Amino acid sequence: MTTLLRAFENKTILIPHLQRDYVQGSDESIIGPFLDALLKSLCSNDCKIDLNYIYGYNETGCFVPIDGQQRLTTLWLLHLYIASKIGDKALNEFTVKICYSSREFASDFCDSIKVNLHKVLKQIDDESYQYLDEAITDQSWFISSWESSTTVKSMLITLRYLHQKFNFIDVN
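Numbered by my numbering, the letters in the sequence shown go through residues 1 to 172 in order.
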């Protein structure tokens, strides 16, 4: 079985200009069942999930997807969330980067969330935030103009759903 970490270790997933915004997270009827299926697959040795095909090409240390960008982004967020919950060792081993060639706000957000999500997850239990995305947007490092990006907004919603579904599960 190929995992995101094995397939893209020390690589950047470079989302090209031709790809649309990440929107999978903005529709609960799409992201909810997908995350449920991922959770079921992760929690059971018997249950594997077919992600259909994800294809693209390699270009100087980058994987450029032609199809599968939505799934790759969700998987990247899932792996980041789990690594952030586990701690420093898992975060150091999470060497997959995602970059949007035509969406500067999205790339900047991905860089910042990768560095800061573990801190927010530690803090959210001590603070009075109802949702993870509220805690993220309330951070001093979060730039308010990022919220004008459809991709960033959808990522924030996906992180909210991930936290709702995975927060009370032993992710180790």
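None of these hints come from the bench; they were simulated from the model. Please read all numbers here as calculations on a predicted model, not as lab measurements. Beta carbons are placed, not taken as given, at the ideal position from N, Cα and C, and that holds for glycine. Honestly, I wouldn't trust all of these hints.
Here are the in silico distance ranges between beta carbons for each label pair [said to hold, decoys possible]:
1) SER128 to ASN58: 28 to 38 angstroms
2) LEU18 to GLY87: 14 to 24 angstroms
3) ASP27 to THR137: 36 to 46 angstroms
4) VAL23 to TYR55: 29 to 39 angstroms
5) GLY61 to SER128: 34 to 44 angstroms
6) ILE143 to SER44: 33 to 43 angstroms
7) ILE66 to ASP125: 38 to 48 angstroms
8) ILE30 to TYR131: 13 to 23 angstroms
9) CYS99 to SER144: 32 to 42 angstroms
10) SER128 to ASP67: 40 to 50 angstroms
11) SER128 to ASN172: 19 to 29 angstroms
Pairs of lysine to any residue, SDA-like flavour, derived with a Cα cap of 25 angstroms [what the hints assert, rightly or not]:
12) LYS153 to LYS48
13) LYS153 to PHE105
14) LYS114 to ALA7
15) LYS40 to VAL64
16) LYS165 to ARG103
17) LYS153 to GLN139
18) LYS89 to ASP27
19) LYS97 to ASN167
20) LYS48 to GLU59
21) LYS89 to THR3
22) LYS89 to ASN45
23) LYS153 to ASN45
24) LYS153 to GLN130
25) LYS11 to GLN130
26) LYS11 to LYS89
27) LYS89 to THR12
28) LYS40 to ARG103
29) LYS119 to SER102
30) LYS48 to PHE166
31) LYS153 to LYS89
32) LYS40 to ASP108
Right, here's what the structure says about each hint:
1. In this structure, SER128 and ASN58 break the distance hint of 28 to 38 angstroms, their C-beta atoms being roughly 46 angstroms apart.
2. Checked against the hint of 14 to 24 angstroms, the C-beta distance between LEU18 and GLY87 comes to roughly 37 angstroms, which is inconsistent with it.
3. Separation of ASP27 from THR137 is about 20 angstroms and departs from the stated range, judged on CB atoms against 36 to 46 angstroms.
4. Hint check: VAL23 to TYR55, Cβ distance near 20 angstroms, so the stated range 29 to 39 angstroms is violated.
5. Between GLY61 and SER128 the beta carbons are some 42 angstroms apart, a value that agrees with the proposed interval 34 to 44 angstroms.
6. Distance hint for ILE143 and SER44: a CB-CB separation of about 39 angstroms, consistent with the stated range 33 to 43 angstroms.
7. Judged by the Cβ atoms, the range 38 to 48 angstroms given for ILE66 and ASP125 holds: they are separated by roughly 40 angstroms.
8. Here the CB-CB span from ILE30 to TYR131 is close to 19 angstroms, well matched to the stated 13 to 23 angstroms.
9. Look at CYS99 against SER144: about 22 angstroms separates their beta carbons, and that is not inside 32 to 42 angstroms.
10. Checked against the hint of 40 to 50 angstroms, the C-beta distance between SER128 and ASP67 comes to roughly 42 angstroms, which is consistent with it.
11. Look at SER128 against ASN172: about 27 angstroms separates their beta carbons, and that is inside 19 to 29 angstroms.
12. Annotation: proposed proximity of LYS153 to LYS48 is violated, straight-line Cα distance about 29 angstroms (limit 25 angstroms).
13. Distance restraint check for LYS153 and PHE105: the Cα-Cα separation of roughly 11 angstroms lies within the 25 angstroms cut-off, and the hinted pair is therefore satisfied.
14. Only pairs whose Cα atoms come within 25 angstroms are accepted, and LYS114 paired with ALA7 is accepted, the gap being roughly 19 angstroms.
15. Between LYS40 and VAL64 the CA atoms are separated by roughly 28 angstroms; this puts the pair beyond 25 angstroms, and the hint is violated.
16. A C-alpha spacing of about 28 angstroms is found between LYS165 and ARG103, which places the hinted pair above 25 angstroms, so the restraint is violated.
17. For the given pair, LYS153 sits about 15 angstroms from GLN139 by alpha-carbon distance, which is consistent with the 25 angstroms threshold.
18. With a C-alpha separation of about 33 angstroms, the suggested pair LYS89 and ASP27 falls outside the 25 angstroms cut-off, and the hint is violated.
19. Taking the CA atoms of LYS97 and ASN167, the gap is about 23 angstroms. The hint holds against a cut of 25 angstroms.
20. The hinted pair formed by LYS48 and GLU59 fails the criterion: a straight-line CA distance of about 30 angstroms is larger than 25 angstroms.
21. Between LYS89 and THR3 the alpha-carbon distance is near 18 angstroms, which keeps this suggested pair within the 25 angstroms criterion.
22. As the CA atoms of LYS89 and ASN45 are separated by approximately 24 angstroms, the hinted pair is consistent with the 25 angstroms bound.
23. A distance of roughly 33 angstroms separates the Cα atoms of LYS153 and ASN45; the hinted pair therefore is violated under the 25 angstroms criterion.
24. Taking the CA atoms of LYS153 and GLN130, the gap is about 17 angstroms. The hint holds against a cut of 25 angstroms.
25. A threshold of 25 angstroms between alpha carbons decides the hint, and for LYS11 with GLN130 the separation of about 34 angstroms lies outside it, so the pair is violated.
26. A distance of roughly 18 angstroms separates the Cα atoms of LYS11 and LYS89; the hinted pair therefore holds under the 25 angstroms criterion.
27. Simply put, LYS89 and THR12 have alpha-carbon atoms about 20 angstroms apart, close enough for the 25 angstroms limit, and the pair holds.
28. With a C-alpha separation of about 32 angstroms, the suggested pair LYS40 and ARG103 falls outside the 25 angstroms cut-off, and the hint is violated.
29. In summary, the hint linking LYS119 to SER102 is not supported, as the alpha carbons are separated by about 28 angstroms, beyond the 25 angstroms threshold.
30. At most 25 angstroms may separate the alpha-carbon atoms for a hinted pair to count; LYS48 and PHE166 meet this at roughly 18 angstroms.
31. For the proposed pair LYS153 and LYS89, the alpha carbon gap of about 28 angstroms is over 25 angstroms, so the pair is violated.
32. Between LYS40 and ASP108, the direct Cα distance comes to roughly 31 angstroms. Violation of the 25 angstroms bound is thereby established for this hinted pair.
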